[in-house]
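J.: So you can see what is in the structure, the chains are spelled out below.
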Amino acid sequence: MAGGALICTIGNQQFKIDQGTDFNALAKQVPVPPKVAAAKNDPKISKASISGPRKEYWIQAEPVTWNIMPKRRDQMIGQSVAKKVGRTKGEAYAYRLYEPNFTRPLGPATIPGPLLDATVGDTLVVHFRNAVPIPVTMHPHGVFYSNEMDGAYKGQWTDPGGFVQRGRTFTYVWECPETSLGTWMYHDHGPFETTGIPKGLFGPLVVRDPDEPLPDREYFLGFHSFLPGVVAPNISTIYAINGRGYTGNTPNLTAKVGDDVAMHIYGIDDFFHTFHLHGHRWQNPDGTMEDNRTFGPGDSFRIRWIEENPGRWLYHCHVFSHLHAGMSGWYLVE
Amino acid sequence: MAGGALICTIGNQQFKIDQGTDFNALAKQVPVPPKVAAAKNDPKISKASISGPRKEYWIQAEPVTWNIMPKRRDQMIGQSVAKKVGRTKGEAYAYRLYEPNFTRPLGPATIPGPLLDATVGDTLVVHFRNAVPIPVTMHPHGVFYSNEMDGAYKGQWTDPGGFVQRGRTFTYVWECPETSLGTWMYHDHGPFETTGIPKGLFGPLVVRDPDEPLPDREYFLGFHSFLPGVVAPNISTIYAINGRGYTGNTPNLTAKVGDDVAMHIYGIDDFFHTFHLHGHRWQNPDGTMEDNRTFGPGDSFRIRWIEENPGRWLYHCHVFSHLHAGMSGWYLVE
Amino acid sequence: MAGGALICTIGNQQFKIDQGTDFNALAKQVPVPPKVAAAKNDPKISKASISGPRKEYWIQAEPVTWNIMPKRRDQMIGQSVAKKVGRTKGEAYAYRLYEPNFTRPLGPATIPGPLLDATVGDTLVVHFRNAVPIPVTMHPHGVFYSNEMDGAYKGQWTDPGGFVQRGRTFTYVWECPETSLGTWMYHDHGPFETTGIPKGLFGPLVVRDPDEPLPDREYFLGFHSFLPGVVAPNISTIYAINGRGYTGNTPNLTAKVGDDVAMHIYGIDDFFHTFHLHGHRWQNPDGTMEDNRTFGPGDSFRIRWIEENPGRWLYHCHVFSHLHAGMSGWYLVE
Numbered sequence: 436m437a438g439g440a441l442i443c444t445i446g447n448q449q450f451k452i453d454q455g456t457d458f459n460a461l462a463k464q465v466p467v468p469p470k471v472a473a474a475k476n477d478p479k480i481s482k483a484s485i486s487g488p489r490k491e492y493w494i495q496a497e498p499v500t501w502n503i504m505p506k507r508r509d510q511m512i513g514q515s516v517a518k519k520v521g522r523t524k525g526e527a528y529a530y531r532l533y534e535p536n537f538t539r540p541l542g543p544a545t546i547p548g549p550l551l552d553a554t555v556g557d558t559l560v561v562h563f564r565n566a567v568p569i570p571v572t573m574h575p576h577g578v579f580y581s582n583e584m585d586g587a588y589k590g591q592w593t594d595p596g597g598f599v600q601r602g603r604t605f606t607y608v609w610e611c612p613e614t615s616l617g618t619w620m621y622h623d624h625g626p627f628e629t630t631g632i633p634k635g636l637f638g639p640l641v642v643r644d645p646d647e648p649l650p651d652r653e654y655f656l657g658f659h660s661f662l663p664g665v666v667a668p669n670i671s672t673i674y675a676i677n678g679r680g681y682t683g684n685t686p687n688l689t690a691k692v693g694d695d696v697a698m699h700i701y702g703i704d705d706f707f708h709t710f711h712l713h714g715h716r717w718q719n720p721d722g723t724m725e726d727n728r729t730f731g732p733g734d735s736f737r738i739r740w741i742e743e744n745p746g747r748w749l750y751h752c753h754v755f756s757h758l759h760a761g762m763s764g765w766y767l768v769e
Numbered sequence: 436m437a438g439g440a441l442i443c444t445i446g447n448q449q450f451k452i453d454q455g456t457d458f459n460a461l462a463k464q465v466p467v468p469p470k471v472a473a474a475k476n477d478p479k480i481s482k483a484s485i486s487g488p489r490k491e492y493w494i495q496a497e498p499v500t501w502n503i504m505p506k507r508r509d510q511m512i513g514q515s516v517a518k519k520v521g522r523t524k525g526e527a528y529a530y531r532l533y534e535p536n537f538t539r540p541l542g543p544a545t546i547p548g549p550l551l552d553a554t555v556g557d558t559l560v561v562h563f564r565n566a567v568p569i570p571v572t573m574h575p576h577g578v579f580y581s582n583e584m585d586g587a588y589k590g591q592w593t594d595p596g597g598f599v600q601r602g603r604t605f606t607y608v609w610e611c612p613e614t615s616l617g618t619w620m621y622h623d624h625g626p627f628e629t630t631g632i633p634k635g636l637f638g639p640l641v642v643r644d645p646d647e648p649l650p651d652r653e654y655f656l657g658f659h660s661f662l663p664g665v666v667a668p669n670i671s672t673i674y675a676i677n678g679r680g681y682t683g684n685t686p687n688l689t690a691k692v693g694d695d696v697a698m699h700i701y702g703i704d705d706f707f708h709t710f711h712l713h714g715h716r717w718q719n720p721d722g723t724m725e726d727n728r729t730f731g732p733g734d735s736f737r738i739r740w741i742e743e744n745p746g747r748w749l750y751h752c753h754v755f756s757h758l759h760a761g762m763s764g765w766y767l768v769e
Numbered sequence: 436m437a438g439g440a441l442i443c444t445i446g447n448q449q450f451k452i453d454q455g456t457d458f459n460a461l462a463k464q465v466p467v468p469p470k471v472a473a474a475k476n477d478p479k480i481s482k483a484s485i486s487g488p489r490k491e492y493w494i495q496a497e498p499v500t501w502n503i504m505p506k507r508r509d510q511m512i513g514q515s516v517a518k519k520v521g522r523t524k525g526e527a528y529a530y531r532l533y534e535p536n537f538t539r540p541l542g543p544a545t546i547p548g549p550l551l552d553a554t555v556g557d558t559l560v561v562h563f564r565n566a567v568p569i570p571v572t573m574h575p576h577g578v579f580y581s582n583e584m585d586g587a588y589k590g591q592w593t594d595p596g597g598f599v600q601r602g603r604t605f606t607y608v609w610e611c612p613e614t615s616l617g618t619w620m621y622h623d624h625g626p627f628e629t630t631g632i633p634k635g636l637f638g639p640l641v642v643r644d645p646d647e648p649l650p651d652r653e654y655f656l657g658f659h660s661f662l663p664g665v666v667a668p669n670i671s672t673i674y675a676i677n678g679r680g681y682t683g684n685t686p687n688l689t690a691k692v693g694d695d696v697a698m699h700i701y702g703i704d705d706f707f708h709t710f711h712l713h714g715h716r717w718q719n720p721d722g723t724m725e726d727n728r729t730f731g732p733g734d735s736f737r738i739r740w741i742e743e744n745p746g747r748w749l750y751h752c753h754v755f756s757h758l759h760a761g762m763s764g765w766y767l768v769e
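Protein chains in written order, with the numbering used here: chain A, 436 to 769; chain B, 436 to 769; chain C, 436 to 769.
Keep in mind that the hints are not guaranteed to be accurate.
One copy or two, it doesn't matter: identical chains are merged, so the pair holds either way.
To be verified - Heads up, simulated SDA-like pairs for lysine to any residue below, C-alpha to C-alpha not over 25 Å straight-line: (1) 519 - 664; (2) 519 - 662; (3) 506 - 677; (4) 490 - 724; (5) 519 - 467.
Hints are computed from structural coordinates only; laboratory data are not their basis.
Using the sequences and the hints, build the whole thing.
T.: So, in structure tokens, the structure goes:
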């Protein structure tokens, strides 16, 4: 499916996304759902059952000037790709972590958003505030939540958490039972999700096993893409990892021999990808060994090994047209 | 691969499918294979070994006027999509269930066709009659069958079951040994399968474990697509579930808290999809938890859980351009 | 991603591949990386640790005149597809097996290259010589190797094994520990891999369990594609298995009832495929039964069963536009 077709479906409007889009006007074209209109700004979280230890986050969705390829070079091929790709800076959206009660941001706004880090038994309490023009949300994968904590736009049945307008807040309460063990993600699922997600509104979520030691190093890698016009108006399509495209711009992962290393991979665009890592294999839960895995949008998985192989290694999507349009990076082992 | 290219390969003819196609003329362009010409109308099923209890079906492939989106609205976004999508009614094909000896249809012709429901040890005996202009077949996945029960067109080596002409019948005999346990599908595999399948000739097949209790509720969901011209001449591509596109048109699944719920998913078009269900996770055979799974054409799987989460939930393909072109629905839990 | 876009990324040059491409000139557009320039022609393999029994191969990458569809017919549909597909002969590249010290070729150059056949504990020693105009390499999946044995171009960090120029040799040393058990592949990963791989530079690699009996019959099947211009200038895209497209051209696999049969499948193009085999199911490591599996570029797996079903069976990709553009073949069981 071409990217253009995707973008055309935003809120059922037939428009072409580009820098000229008036998102304030766009936001007004979807009516406020009745349950949202009737709700207080931020419903008491006592409505939701909270059991177990709380993990509490304050997160704001906000615009950010983002450069998809700040170094302008692809270190994998040792050349500048600036001319081929086009100007890679533009307006993105990001989930940004704040101190309690939104007093101060905790570091810069980034794509992906902050890791939501829980252990089996925890309850995630996420205070969300929207500072982008269109209504957006946070929809989690993997965790347990009651229907009104779904964070999904559902037309006339939309709950307040599924349509958080600019300037409004909503507190999501998500539980982490044993059946939520694993690596997951969260992302915008509002009425304009086909704008919000490709502009950067997604992030990783993990529910850990309390009886499993933490790895020495771990990385969360979101595989996604920047279509022309969504963030940067005149780029060619960039297949990205964690908001950046092309080796040297994507995360430089590091480890030392002897480290217990985990990588958490998830896909959140319109395409299917694979994860391949040079010089390494990992064991699947079914006992087989693997060094390449197919995954689709919404899929997530964790791989883990004891590091034994020093060197400069490539990790990348093995779809060649994705690999050669940005979807690769370095894993540096000392 | 664009849909147009796919359709162009039908029977190796270079033509563009639309309402003007003369299927009677088309059918004559593929010669009757020698073994088909030599065969009696319906070979005695005594030719095939039948062991174990028989599960017997009478199924006819027939034209049906089909509306892909009868409600003209997408309840997920709370808006009419009629103008965007185009006129969604046209001529489809369907496998229709009949009473023994084709005396009377058992309900209306539907997409997908009827569930073929067997238990390990059964033998499926499927009396098939073709009432569409082109030769079509039934080809099953997962079950055991001898070569002549394959239901596949194979050029000069085609058996009678692989080329059932209009007005002819064929009885398929398919066995269900232990190695056939699981969720599968059946579909047209005649010389014009790239017309027959996208027009609706597919359906679910299950081989159950006799020692496993039946679920309280179960749903069989075929993920497929309607390309412009195949059923409705001027639609945009619709990504469909069980013959319908867009939430409120696709199946409204229901369950109650406490129910043992199973969903059987299969893919039968030219695309890769994922299955995602809000508010729920399921356990894989390898022990991992999942709430989203990638699958391709011909793949099938079952997921199952004890229902504990009331509400109005979305199930959908997580490929955004599929999700926003019809591939979603409601799962309503009381 | 369209094939055109893929080819345009070769070595970051904006050119359109066709028969007119001057590959000698192309090769000169990527500078020799510093470590390659500094290296002796073929570094002593004593640099690498060799433990366990050696499995030694001499392999040359060389041009080969290749016919993708020598029979000009698709036996699956019983018709000539010559006119539809176009002239299918052109210049490909192949990994060709030689006698020790490259004294004589062992048979013709083929797509895919020779099987690299190891058992857990072995060390693969592969003497590689390049006889094509562009620098190419051998990059293996699944095995253990030190960083300089990676066979991957990495810009300024490229080791000699990652940039083997025309007329040069390099000896790769790859170990096969227990964690390398399984079916894998190898392929070009030089600076022009998006030319080298689609022109034919890939092959299978297996690391066997010493305690598992060998199958009676086994087949290694690479699923890939020929885009217009890469090998044959004016073809339509052909979805191929082991270098050939369309049933009767792709491998005719054979077995006898009672045989212990293994098939090793891998994907090495820009697309996702499925493997489907008529009349058969196999058991997955997690215990489930399957007759169709999705896989992506770089994925590989083995399936195995005791043959019990005689006949003429189709194996194919279940993506219909791939199936009907060459990706199918016969499995003939006596």
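J.: So, against the hints stated earlier in the document, which numbers end up violated here?
T.: Checked against the structure, no hint fails, so every one of them is satisfied.
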